[in-house]
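In order, the protein sequences belong to chains S and E. 1 is the number of the first residue of the first sequence in the numbering used here; add one for each residue after it. 1 is the number of the first residue of the second sequence in the numbering used here; add one for each residue after it.
The hints are simulated quantities; they were obtained by calculation from the structure and are not laboratory data. Careful: at least some of the hints might be erroneous.
Stated by the list, open to error - A few chain E residues that face chain S, going by a derived Cβ cut-off under 7 angstroms, partial list only:
1. 26
2. 34
3. 93
4. 112
5. 137
To be verified - Ranges between beta-carbon positions, derived for each pair:
6. E:116 to S:2: 16 to 22 angstroms
7. S:47 to E:94: 18 to 24 angstroms
8. E:24 to S:26: 46 to 52 angstroms
9. E:28 to S:25: 37 to 43 angstroms
Unchecked claim - Chain E side only, calculated, beta carbon under 8 angstroms to chain S, not exhaustive:
10. 33
11. 83
12. 94
13. 119
14. 122
Predicted model only: the values in this text are computed from it and were never measured. Glycine included, every Cβ here is placed at the ideal spot set by N, Cα and C.
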Amino acid sequence: MSRTALLAAWAAIGLLLVGCEVLSVVTRRRYAGALELLARLTAGPVRFVVVFLGWMWLGWHFFAR
Amino acid sequence: MTGVVLACSGAYAWWVGTTTPFTTQADVTVAVGFAAMALVAGRSWPRSTTPSAAKSADVGIAQGGGAGGGMPQGESAGLGVRRWAPWLVAIGLVVALELGTYFAGFSGGRHAFPTLSSLSDTVERSTGGQAVLAWLWLVLGWGLFHR
Chain S
1 MSRTALLAAW AAIGLLLVGC EVLSVVTRRR YAGALELLAR LTAGPVRFVV VFLGWMWLGW
61 HFFAR
Chain E
1 MTGVVLACSG AYAWWVGTTT PFTTQADVTV AVGFAAMALV AGRSWPRSTT PSAAKSADVG
61 IAQGGGAGGG MPQGESAGLG VRRWAPWLVA IGLVVALELG TYFAGFSGGR HAFPTLSSLS
121 DTVERSTGGQ AVLAWLWLVL GWGLFHR
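Bound conformation, chain S alone (with noise of 0.2 angstroms):
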């Protein structure tokens, strides 16, 4: 698979996520819209923690190292 190729399906799936808010608004939140996903992925001491260190290392691995 070209470089190409692979560019436009990273483009495809950023379309595509963004779409998932789209079609989240379009429905009246029939479907489950981005911030909705956030909170359910903080939902509970454990996750919050799980999901604040991911989010941490996200900054590290790219501004720092």
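Since the structure of chain S is provided, determine the placement of chain E on it from the hints.
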């Protein structure tokens, strides 16, 4: 308040954008972000510790008490997994493509098999690009940990 948050996050993101990875300055700027978000998260610490309480909180969101909008509780419960299907598919594709390109890159070269990380390296070649990514990182944190 919103203006102050936007101004501070923008200034911070630009500061991150001016740093170079693998330097003390980069370590310090990212650590400042950790500390700021820890303050936000500390104020939002989840009070519920039981699954049922967390589930109730989710329903509250779906009912319109939060980010989810104004969907009736019965309708929300009836849809079940289908409500989450678009996100599950999209996130599944992200994970599959990330893992596929990551492992393929060992033999075929990273340039030919770009991962999210290698794509971000391209964006981060400019101060503005790195600042935008840093700001998106903050926005993600705010969405996750601010209540």
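Now the hints, each set against the structure:
no., hint, result
1, 26, "holds, 5 angstroms"
2, 34, "holds, 6 angstroms"
3, 93, "holds, 5 angstroms"
4, 112, "holds, 5 angstroms"
5, 137, "holds, 5 angstroms"
6, E:116 to S:2: 16 to 22 angstroms, "holds, 18 angstroms"
7, S:47 to E:94: 18 to 24 angstroms, "holds, 19 angstroms"
8, E:24 to S:26: 46 to 52 angstroms, "holds, 48 angstroms"
9, E:28 to S:25: 37 to 43 angstroms, "holds, 39 angstroms"
10, 33, "holds, 6 angstroms"
11, 83, "holds, 5 angstroms"
12, 94, "holds, 6 angstroms"
13, 119, "holds, 7 angstroms"
14, 122, "violated, 10 angstroms"
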